[in-house]
Structures are given as structure tokens and as C-alpha cells.
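Peer 1: Spelled out from the first residue to the last, the chains are:
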Amino acid sequence: MKKELLEVGYAVPRQDARAKVTGEEKYALDHYPENLLWAGAKRAGVAHGRILEIDFAAAEALPGVFAVLTRKDVPGTNRQGIVHKDQPVLAGERVRHRGDPVALVLAENREVLAQALSLIRVEIEPLPAVFDPEEALKPDAPRIHERGNLLLHAKIEKGKAEEAFSECAVVVVETFEAPCQEHCFLETENGVAWQEPDGKIVMIVSTQAPFRDRFEIAHALGLEAGSIRIISPYLGGAFGGKDGATVQCLLALAALHAQGRPVKMWWEREESFAAGYKRHAARMYYRAGARADGTLHALQCRLYYDSGAYAHLGGEVLELGMEHAGGPYRIPHTDIEGWCVYTNNPIGGAMRGFGVCQVSFAFERVMDLLAAKLGLDPLDFRLKNALQRGDRNCTGVTLVHSTGIVPCLEALKRHALWTGREKWKLSAGPFKKRGAGLAAVFNAMGYGRGLPDSAVAKVEFTPEGRFRIYSGVPDMGQGNATAFLQIAGEILCQDASRLELIQPDTERCLPAGSSSAGRTTYTFGNALIRACREMKAKLCHRAALVLMADEERGFALLPGKVRHLPSGRDVDLDFLARLLPEADRSSVGQTVMPVSQDVPDTGKGFIIGFPHVFFSYAAHLAYVEIDELTGKIEVREYLAVTEGGRVINPQGFEQQVHGAVAQGIGYALMEQVALDQGQILNPNFADYLLPTSLDVPDIVSVSVETVEPTGPFGMKGIGEVGANAPVPAIAGAVEDAIGVRLTRSPFTGGRVLSMLEETP
Amino acid sequence: MVRFVLNGKDMQIDAPPDRRVVDLLREDLGLTGTKEGCGAGECGACTVLVDGETRLSCLMLAVQLEGRQVTTIEGLQRETGAGLHPVQEAFVEYGAVQCGFCTPGMALSAVRIIRRNPDPTRAEIREGLSGNLCRCTGYVKIVEAVEAAAWKMSNKPPEKPAKDAAP
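Taken in sequence, the protein lines are chains D and A.
Just so you know, the first sequence maps onto residues 1 to 760 in this note's numbering.
Just so you know, the second sequence maps onto residues 1 to 167 in this note's numbering.
Hints in this document: simulated from the structure, not taken from any laboratory.
Among these hints, one or two may not hold up.
As the list claims (entries may be wrong) - Under the rule of at most 20 angstroms between Cα atoms (straight-line distance), these lysine to any residue pairs were calculated in the SDA-like manner:
| # | chain 1 | residue 1 | chain 2 | residue 2 |
| --- | --- | --- | --- | --- |
| 1 | D | K632 | D | S754 |
| 2 | D | K72 | D | E174 |
| 3 | D | K413 | D | F431 |
| 4 | D | K26 | A | K152 |
| 5 | A | K152 | D | P13 |
| 6 | D | K632 | A | S130 |
| 7 | D | K26 | A | E127 |
| 8 | A | K9 | D | T22 |
| 9 | D | K26 | A | L84 |
| 10 | D | K26 | A | K9 |
| 11 | A | K152 | D | R18 |
| 12 | D | K433 | D | E625 |
| 13 | D | K632 | A | A123 |
| 14 | D | K632 | A | E27 |
| 15 | D | K26 | A | G30 |
| 16 | D | K373 | D | K384 |
| 17 | D | K373 | D | E625 |
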């Protein structure tokens, strides 16, 4: 290993890359303990119905079947859910979407498991079902849950929107629709679990929230959270889809019935589509107005998010949608109302851009339309209205922290891709049309008020003289583990050979929340800074004892040693390491993210997670070329300018921007969970299309470095913001090229072509 | 009984002929570097090299390995003697790895691209990688890494023993 200091601000290659590129890294999926059983769920296959009978006699009698479990075998509440506990581990009386599990089979191998699942006969009396959130709100709609179909309704009002419209010179009214998007992490939901002789459940699972998982399982199965140990290795992708229980409760239930044998559950791709969480489909009614001088003046919008059969984080996703509904702009009068509604569709949940992706489509298109009506340059119009520190955002919250949309837009305006766009557009080939589109977006960081966004970090000085960081937040691929090592290396002044990182394990690490919400490196990083500073002070103090120095001042922690600068004498870390007793080896740091102090009234709508005070910002530019014969859109160039405070690792930063943009391009051009009566018509990668290497251009990422003084070394989370801009930027580019106004995504060739044909 | 060469080692394995190769590798032989993302030949995560060609191990049965040379990600280092293969090195250095789940298959596809065409254009690299899905990277850094590896391999070819040299 190269003896290079791990420091903040350098493009340090990922510390996990080597083990991943050689195949040595063990993901949850790579664990096959001896003597394991395979678990699998029988899915309802009916969108809404009453379970009359589950006949599993034939399955149970099949040689190699270890157990068949149903609702009556579930101890505890049988209910899971992060905020609202409305989702059964195993459905007993009702099924609310086709992917609801009704029975759990444990078998000796996968072949027997598949056969046993096919032998289970489930008799379900179908009930009237509803698949559209607005339909589901009608008084005569079928009731999906006892308390009705409304998961959450809230209203944000600022100023007097209705009156303000009469003061506007231009007004735009438009309706937008964005579909359900699948995360498509390549490692599907999986884990292995077993029960130890003392009753403890141990689980190695692909999860974003190991510490919360214990409580989910405990609540659902009537266990003690302390009797559950969750280990979360590096994830093969997650993007929000592994935040919340996927296999966890089923697997723990299986372990309870496996007589100490390990059980493995691994959802196949089609099952991941059917039962996994998805980005919420949304319908958005927008009305926005600006004054003749080019200032935004009024916004009214009505947002309907389809939660599917259960809540998961639907209310919180809608909340972020509403909070971002006005874009990164000053708007004096807003009236934002939202509904998150149960339907019999698959379950909506967290996904990168968490509710913001959808409204960004709507708002940024509205900005283009207003600019056109006003005869203003779309970039200048945005700049004129862009939020700055000290402004109130569209919910009325005062922005007291770093607010960098202006530098993003200014950097974009200076960039050659912006200044050269007209020239590029003119050089389209035959039957091709070219256009450029712009989007300015933002994304909140952290859990928001009402749910403390906290982390506890521990660093240990091992007897071998190494520093071991106990990470409490999983690395789902976003690179936080490397950022943690850089933060520790920076403070402790050590190279990679003296630093190691333990992936989250609820028995060894300390609670640090979930890997989500753009808060992973911010919150854990701040806690880690404290732990490392304490460790550094400790080692300087202990070195002072060794050297019998009169005072602790003048000591520096250096690679492999502590030096007394006044005398030049060194104490080797290896020596100190052998000296320290066990009780003196660890330092712990903890932090809680600051929250907003001015909280707008939203009625009784938001219980937790509102409002936010930290946001990252981005301005994107897309060059598209449209084939007039097929309608196919090709993204030819892409520029992403991002503001996320200081950058801890420029390579990791770019990786996050590239990945977010690629997912956004997919959402713009091809991705949609196609649903018919709650059934997914494209539950595989042959029919659900993802961007390949041929669909994503060479994305140019520019970082506008500001500083967020509360963040670790000035950083903010930027993992999500980049996913919000591609849909509106590409739609804008298409309108620029061919004058077609796209209000429903994805913008498939067929859709574009039919709109082209309708255009006179 | 299936006989084949796996990462340079002669294998005789008593596997049912309809055992999927991905299961044979991962479960029976513990070579979990080969991943499975879809089980239907659509994502490329399970890519291995069979007689130097990229093959999807989720669509191959054990019996199809009879007499073949198989290289998995675990065997790639062997090909260069010691240390990482230049493709692996470039993946690390150029930031082509995020979650890493597509990486083994992607790296093997990259090796085949360069073997077939030591000086590929970016468009050819993109074409050659288009059967391997990656959900994390947007492919930009993967393409850069393959380009860099190709360059490195053509400028500094690994030293060959004299007997392998062309007459």
C-alpha cells in the first residue's frame, strides 16, 4: 500500500475499490453459511382482496421443505413501516397490492423452494381496487386502509397567492406527470440470518439503516431490539430502495423457525420489482405568475403523490416535494397543497431526489414557459429570481446557511457549452434537430425538524498501532467510507496503512442513523471529527507522559509517531499502542444536525421532517438531438454545475454527480414502471429499460466550491441533487429543438413522434 | 463430471449438468466475485470469460464448460503475473468503481474489448460495454478507465517469455 497521507480535499481513489475490482469484497449476497436454508415469499398476485384460504399442505409435504409460515406464525404486531406501521410482514386477512407476501417458505435449496412456492394455493376474494391517487380520494373509492386512503394532506401558504395572480403580467398553467421509477440496484434485496443459542438474531443484510432495522424487526415480531444484531457490508447499490425493511422482518421470522440454521433470502429481479419500493408517481398541477419586471410573484400548485399500498416514507417524500415545489427561487406568494394517497399499486418509497425529482420537472418547465412569455433569457430570468442567503424560500423558511444557486448559474453562464449552444444547434445532420435545455434545482439535506439527525462515531487505537473507525452508516456505493477515512487521516495525520474502517455492525459500532437524505457524510463526518480530535488529544497527552514533558503543548501527531516539537523527540505510535490499556483505546464523538428555527404552519400535515435548513444546489445544461423520423432523443452533451460546500474528495464528488445525472437521464428518456391494474408489465431489464453506456454522454461536472461552516470541513451532501435536473433540462432542450411541450415523462421516441405528428 | 480449466487450474467437478455456472462458481466453489443481478442475461454482472470470450454465467449450464478455459474476476490478476491487471488498476485509479457490484463483469468485458482491439475509440468502448449495466457511475469513469488501460497495455506490453515471442 502506498504511504500517502489520506487527506481531505484530494481525489483519493476509493479505499474499497481494490477489493471490489478483484472480487474479494463480500457483499451481503456473498454470504453462504454452512447448512443454510433458503427462504422465499409467496406473493398475493391480486391487487386488492380478502384472503379466504391459504392451502400449503402440498408445499409442506414436499421433501426438502423445512417450514411454511403464515400470518398466524408471526409473533408481535406483524406491522412494519418507518413512520407509519401499516405494512404487514405476512398478510393475513387483506392484500393491498400484488406484491404482498402471504406465506413464507423455508427449504433446503432453491429448486425445492421454487417448487414449494408454486404449490401454495391462495384463495383471495378480489375487492374493488383503485390505482390513481385522485380517484382514490373520491368518497366512493374503495377503502384500502381502515383510516381511509389519505396518507397525508398538507398545505403551505406564504403571502396571498390568489390575490397576487392579479398583479402578474404573465401566468402559466400546466399539468405535469412523472411515473414510478425503479431503483434497479444490481444487488437485489437480500440477507442471511440465524438465531444464536442465546436467542439472539444475527443478520447480515443489504440495508441502508442497520440501527433502525432492529426496531423494525423488534416491533413487527415482538422481540427485544437488543436481541437483534444487524451487520451491513458494502451494498451493491441502494439509492433509497434499501432504506426500510425489505427482507429484514421476513428473514428474522424465518430465523426464529429455523432451529439455529442460517437462512438466506434473496429476491429475484422480478420479485424486487413486485415487492420493492419505488419512486412515487406524481401528478402536479401548476400555476405560476411573474411581474412585468421579470420577478416571480405567485405560485399555486396541487401535488398528488401515489403512495401505493403502504406508507413507507410517502408522507415525508410528499413533504420534500412540497418544500421544493417553488424551486430555488424567491417567490413572495405561494400556495402549495399536497396529498399523498394510498392506492393498490406497488409501494412508493425513498429514492434519490426523494420527492424533489418530480416537482423539479414541473417547476423548471414553468420557469422556461414564463421566461418565454416575458421574452427573457431563461438563464437570466433564473438568476434574477435565484435564492440567496437571507431570503425566505417558497415555504417561508429563512435561509441562514450556504445558498449557492447563484454561483451555479453564473458558472454555467460562463461555460463554453452555454455560450456555444447556438452554434452547436445549427450543425445538426439531415432529419435531426438539436436543442439545449437548462434546469436549476436544489435538494434538502438531513432528516429535517422533528427527527433528530444524529450520529455517534467511534475511533479505536488498536494494539497494532492502527486507527480503526467504526462506521455507523453503510456505504451503499456513494463513497462515504472513503470520505470517513480521509477525515480521520486529515485529523490524525496518517496514511492508509494505519487507517481501517469497520462497516456498520450494531454490536460493534454506535448508532448513526441511516445512509440517506444526503446526510451520511455530513452527520457522521461531524461526529467523526470530534472522535478523532479527542483521540489526537489523548495520544498527545499519553506521549507527554512517556516523555515526562511538563505540559501537553507542543506535541504533534504525525505519521506513525507523536513528536514533541520543542525538543524534537518522538514517541512511536507502535510503542504507544502496546502501552495503552484496553479501556484507554477508544474515543467517541457525537453530533446532531442543526434544525430550522422558523417553522411555517402547515396545518396538522407534517409530523416530522419539516422544514429543512440545508440545501445543495445545481444548474444543469443538456444538449439533445432528436431524430425526426423516430422521435428518439439522444443526449449529446451534459453539463452539471453543483454547489455542495467544500469538496472532501473531488473524485467521489464527480462520481456522485455522474451517477445522479445518469439516473435522471434514464427517468427522462426511458424509465417507467409500467402498471396495469397494479400489475407491473415490465418487471425485468428486458422491458424496463435502463441507460446503458450508449445512452449516457460524457457528463461534464463542475464544482462551485462554497463553504458550509457547520459541515465537516465545510461540506454538504450532494448525492441527490443531480438527479433532479435532467428531466426538466432535457424536456426544455426538446422544446427548444422541435417546439414540442413534454409534460409527461418519460420522453420515449414514440411519445415524441406522436406529439411531432400532432404539431401542425 | 465436468472437466474444465478455471483460472488456470484443472477442475473436475461432480455437478449436475443443469447446474447454472453462476451457482457453480459462487455457491459450490466460493468464487463470489462473479455477481448475479438479474438471472436472465440482461445485466452482465455475471460475465465471465470462456475461451477468452465474454459469457453470461447465469445463462450457462455446467455441462457447457466441458473442455473450456474459464476466467473469473478472481483469475484476472493471474494473467498479469502479479498485482492487479491493468484494467483493474485503471478502474481503481480512474474512479470507475462505486458500489462495485457491476465491476467484476464490467472489468472482464473491458479486458475482452482491449484484447480484440488494443486501441479502441471511446465509441468502441461504449459499444463493447453496452451489455453490462451499471446503475451508479453513469459509465463516464468506466469508459475513461478502459481507455487508460488500453493505452497503458499498448504502450507497455507485459514482458513475454522468449519462447512465446513470434518467430
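Peer 1: Decide, hint by hint, whether the structure agrees.
Peer 2: So, going through the hints one by one against the coordinates:
no. : hint               : verdict
1   : K632(D) to S754(D) : holds (11 angstroms)
2   : K72(D) to E174(D)  : violated (50 angstroms)
3   : K413(D) to F431(D) : violated (29 angstroms)
4   : K26(D) to K152(A)  : violated (29 angstroms)
5   : K152(A) to P13(D)  : holds (19 angstroms)
6   : K632(D) to S130(A) : holds (18 angstroms)
7   : K26(D) to E127(A)  : violated (30 angstroms)
8   : K9(A) to T22(D)    : holds (18 angstroms)
9   : K26(D) to L84(A)   : holds (18 angstroms)
10  : K26(D) to K9(A)    : violated (23 angstroms)
11  : K152(A) to R18(D)  : holds (18 angstroms)
12  : K433(D) to E625(D) : holds (6 angstroms)
13  : K632(D) to A123(A) : holds (19 angstroms)
14  : K632(D) to E27(A)  : violated (43 angstroms)
15  : K26(D) to G30(A)   : holds (11 angstroms)
16  : K373(D) to K384(D) : holds (16 angstroms)
17  : K373(D) to E625(D) : violated (25 angstroms)
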